[in-house]
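A.B. asks: Same order as they appear, the protein sequences are chains A and B.
Under UniProt numbering, the first residue of the first sequence carries the number 1, and numbering increases by one thereafter.
Under UniProt numbering, the first residue of the second sequence carries the number 1, and numbering increases by one thereafter.
Among the hints, a few may not be true.
Identical copies go unnamed one by one, so any copy, or any two together, can satisfy a pair.
[Unchecked claim] EDC-like cross-link-like pairs, simulated, lysine to aspartate or glutamate; straight-line CA separation at most 20 Å:
hint	residue 1	residue 2
1	K197	D295
2	K229	E184
3	K186	D295
4	K238	E64
5	K52	D105
6	K82	D295
7	K238	D310
8	K186	D170
9	K90	D214
10	K309	D235
11	K262	E339
12	K198	E287
13	K52	E265
14	K300	E277
15	K52	D170
16	K35	E259
17	K309	D214
I should point out that these hints are in silico values taken from the structure, not numbers from a laboratory.
These are the residues of each chain, in order.
Number of protein chains: 2
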Amino acid sequence: MSNSKTYNVALVGATGAVGTQILGLLEERNFPIGKLKCLSSARSAGATLTFKGETVTIEEATPESFEGVDIALFSAGGSVSKALANEAVKRGAVVIDNTSAYRMDPEVPLVVPEVNMDHAKEHKGIIANPNCSTIQMVVALKPLLDEYGLDRIVVSTYQAVSGAGSRAIDDLKNQTEAALAGKEVKGEILPVGSLPKKHPMAFNAIPQIDVFEDNGFTAEEMKMINETKKIFGDDQIKVAATCVRVPVLFGHSESVYIETKKPFEVEDVKELLTNFEGITVVDQPAEQAYPLATDAAGKKEVFVGRIRKDLSYSNGLHMWVVCDNLIKGAAWNAVQIAENLVAEK
Amino acid sequence: MSNSKTYNVALVGATGAVGTQILGLLEERNFPIGKLKCLSSARSAGATLTFKGETVTIEEATPESFEGVDIALFSAGGSVSKALANEAVKRGAVVIDNTSAYRMDPEVPLVVPEVNMDHAKEHKGIIANPNCSTIQMVVALKPLLDEYGLDRIVVSTYQAVSGAGSRAIDDLKNQTEAALAGKEVKGEILPVGSLPKKHPMAFNAIPQIDVFEDNGFTAEEMKMINETKKIFGDDQIKVAATCVRVPVLFGHSESVYIETKKPFEVEDVKELLTNFEGITVVDQPAEQAYPLATDAAGKKEVFVGRIRKDLSYSNGLHMWVVCDNLIKGAAWNAVQIAENLVAEK
Numbered sequence: 001m002s003n004s005k006t007y008n009v010a011l012v013g014a015t016g017a018v019g020t021q022i023l024g025l026l027e028e029r030n031f032p033i034g035k036l037k038c039l040s041s042a043r044s045a046g047a048t049l050t051f052k053g054e055t056v057t058i059e060e061a062t063p064e065s066f067e068g069v070d071i072a073l074f075s076a077g078g079s080v081s082k083a084l085a086n087e088a089v090k091r092g093a094v095v096i097d098n099t100s101a102y103r104m105d106p107e108v109p110l111v112v113p114e115v116n117m118d119h120a121k122e123h124k125g126i127i128a129n130p131n132c133s134t135i136q137m138v139v140a141l142k143p144l145l146d147e148y149g150l151d152r153i154v155v156s157t158y159q160a161v162s163g164a165g166s167r168a169i170d171d172l173k174n175q176t177e178a179a180l181a182g183k184e185v186k187g188e189i190l191p192v193g194s195l196p197k198k199h200p201m202a203f204n205a206i207p208q209i210d211v212f213e214d215n216g217f218t219a220e221e222m223k224m225i226n227e228t229k230k231i232f233g234d235d236q237i238k239v240a241a242t243c244v245r246v247p248v249l250f251g252h253s254e255s256v257y258i259e260t261k262k263p264f265e266v267e268d269v270k271e272l273l274t275n276f277e278g279i280t281v282v283d284q285p286a287e288q289a290y291p292l293a294t295d296a297a298g299k300k301e302v303f304v305g306r307i308r309k310d311l312s313y314s315n316g317l318h319m320w321v322v323c324d325n326l327i328k329g330a331a332w333n334a335v336q337i338a339e340n341l342v343a344e345k
Numbered sequence: 001m002s003n004s005k006t007y008n009v010a011l012v013g014a015t016g017a018v019g020t021q022i023l024g025l026l027e028e029r030n031f032p033i034g035k036l037k038c039l040s041s042a043r044s045a046g047a048t049l050t051f052k053g054e055t056v057t058i059e060e061a062t063p064e065s066f067e068g069v070d071i072a073l074f075s076a077g078g079s080v081s082k083a084l085a086n087e088a089v090k091r092g093a094v095v096i097d098n099t100s101a102y103r104m105d106p107e108v109p110l111v112v113p114e115v116n117m118d119h120a121k122e123h124k125g126i127i128a129n130p131n132c133s134t135i136q137m138v139v140a141l142k143p144l145l146d147e148y149g150l151d152r153i154v155v156s157t158y159q160a161v162s163g164a165g166s167r168a169i170d171d172l173k174n175q176t177e178a179a180l181a182g183k184e185v186k187g188e189i190l191p192v193g194s195l196p197k198k199h200p201m202a203f204n205a206i207p208q209i210d211v212f213e214d215n216g217f218t219a220e221e222m223k224m225i226n227e228t229k230k231i232f233g234d235d236q237i238k239v240a241a242t243c244v245r246v247p248v249l250f251g252h253s254e255s256v257y258i259e260t261k262k263p264f265e266v267e268d269v270k271e272l273l274t275n276f277e278g279i280t281v282v283d284q285p286a287e288q289a290y291p292l293a294t295d296a297a298g299k300k301e302v303f304v305g306r307i308r309k310d311l312s313y314s315n316g317l318h319m320w321v322v323c324d325n326l327i328k329g330a331a332w333n334a335v336q337i338a339e340n341l342v343a344e345k
């Protein structure tokens, strides 16, 4: 990375649901960009977009695209990252990869800045951004891990369709219109774009995100399980996940049950969460105040509420964790990593 | 109850979301009805509906309405049941109450026919129908309870708006139309009709069903906890619930995690569930087949899928349980109880 006070940034997948959010955040945060390269597949090359009032032409991503680039943000699918991330590294860039391509690679740190920014120091050119559903959960759990230790996690998710990309958002809207008009509802994308079977998403809950593995869990569930262990640096923590897509456009919600190693008081838990960077506690049951996906949409924080002690296990705690999956769940986490890298210079 | 081969039936709340389903089932099942009385508040009295091709005029429910009635099905809210159920009993009727009024009364059996029809024998005039979210879960768990014993249950629900009545269905549809048209979305009913604050339900997940109790759990969550213990006749079983409303019209889905007392093999679990009355197993991950609310709508069975062993606890099991909340979760369970009472005569 150069020692100048500005950084040449490449964004691969600039027109996607996450790429659009990354561009907006780089602008909003006034990230010290020297030159910005927006890269894509050959199909989208030549299109233009606006960044800080200037027109940027999208170029086809090739190995040579990364010449002179300091920070390369990848958000164009795992196969693109596998083909090009190392090409970027070879040319001196630090890659922040938002796909699943390198997350479980032992050579690649998997980073959520509020949780384990120290892991980023060990990078060999690539830093991975965790899966959206993992990021919001580990932020909410980190202060409790530090104070009480964590023995187990059981999570059930309520995930927005935006996690499956822009086309899934359109698909849900179109399906919902059809359902309201009494017409046949036919899914085109969900649950998994690359698989043959489609299920209706309008007015439904689909217990499949990503493909199934042999153990009966989906890849999304295994991401939550394995990424959590890696981020917390603890192979012994027991994690179980059920990942479900619901007819929500933006914002994943999670019903999180944990058991801590040491005893806690609920009031202390609320205080720890309230004081933790990146968390906003919304938890006034008497006023019907708790996190909602529609309130979290467009925001950077992780929202936590419904905080209550289990009735059978004194070390058991329930929480409801909500976050915009495209922002902190993806784009904002990546931009935060970039900001931290730059701040360390 | 008379010894004739037909039974005089009263239905209180005949025009509601559940009452309508009860009438449809009594007709479909050709229940041996002598005289059918459809009862309601003074407001709806005088309206008519059709049963087996005949016009039935709705009458105002009064204590005298139950003279000569053998079976009274109540589905008009807890306050109506509290005011009139004992009046019906006094006049010789057996009441099957679909409200929460008597569920936790130690004198009143709480019955799911596939699970504990034997409890109904102890009735003193009233038999309670459990809460919708409880019914589908205890059906799915009963064969496992019998074979392996149950130590704990952790459940997160994905509940349809029809559980909050016909007006909530209209509210979700209206809100969704507004949201798709880019207009402001304002909820009118949910999360709880009787509470002041309304939240948007369109494209959202609301972690509140019914009012909050002092322990931070909602009344809906406490129903699942307490009713499960009562139905299984086991105060020691540990139950934890998080109840969430999602933008689904018909059919509750549940992410259920259990720990059994004795070890199990997943294949045996699937066989036990497949062979259990009232359950249909849908569990072929390779074909993306699992229970879906849109498939369960209008059906009587409890659908179970995503059956898999936990990765940390060898006695831990995950399942996805789906059922039409208005049918087996309410109307069909009540009609089943009535059929069983009649069969025992």
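A.B. asks: Check K300 against E277 for me: Cα-Cα at most 20 Å, and say if that holds within a copy, between copies, both or neither.
C.D. replies: Cα proximity of K300 and E277: one copy only (11 Å, versus 48 Å across).
A.B. asks: 20 Å Cα cut-off: does K309 pair with D214 within a copy, between copies, both or neither?
C.D. replies: Answer is between: at 12 Å across copies they meet the 20 Å cutoff, but 35 Å inside does not.
A.B. asks: Between copies, within a copy, both or neither: which fits K52 and D170 at Cα up to 20 Å?
C.D. replies: neither (27 Å within a copy, 44 Å between copies)
A.B. asks: Can you give me the call for K52 and D105, within, between, both or neither, at a CA distance of at most 20 Å?
C.D. replies: neither (36 Å within a copy, 66 Å between copies)
A.B. asks: From the Cα coordinates, with 20 Å as the cut-off, is the pair K186 and D170 best called within, between, both, or neither?
C.D. replies: within (13 Å within a copy, 22 Å between copies)
A.B. asks: Have a look at K52 and E265 and pick one of within, between, both or neither, based on CA distance no larger than 20 Å.
C.D. replies: neither (48 Å within a copy, 59 Å between copies)
A.B. asks: Since the copies are identical, ignore which copy is meant and state whether K186 and D295 lie within 20 Å (CA to CA) inside a copy, between copies, both or neither.
C.D. replies: between (29 Å within a copy, 13 Å between copies)
A.B. asks: At most 20 Å between C-alpha atoms: does K238 with E64 qualify within a copy, between copies, both, or neither?
C.D. replies: neither (44 Å within a copy, 60 Å between copies)
A.B. asks: Could you place K198 and E287 in one of the four classes (within, between, both, neither) given a Cα distance threshold of 20 Å?
C.D. replies: So K198 and E287 pass the 20 Å test across copies only (11 Å; inside, 40 Å).
A.B. asks: Within a copy, between copies, both or neither: where do K229 and E184 come within 20 Å Cα-Cα?
C.D. replies: Neither: 43 Å inside a chain and 41 Å across chains, both beyond 20 Å.
A.B. asks: Taking 20 Å as the upper bound on the Cα-Cα distance, should K90 and D214 be classified as within, between, both, or neither?
C.D. replies: neither (36 Å within a copy, 59 Å between copies)
A.B. asks: Between copies, within a copy, both or neither: which fits K82 and D295 at Cα up to 20 Å?
C.D. replies: neither (35 Å within a copy, 39 Å between copies)
Violated hints for the displayed structure, listed by number in ascending order: 2, 4, 5, 6, 9, 11, 13, 15 and 16.
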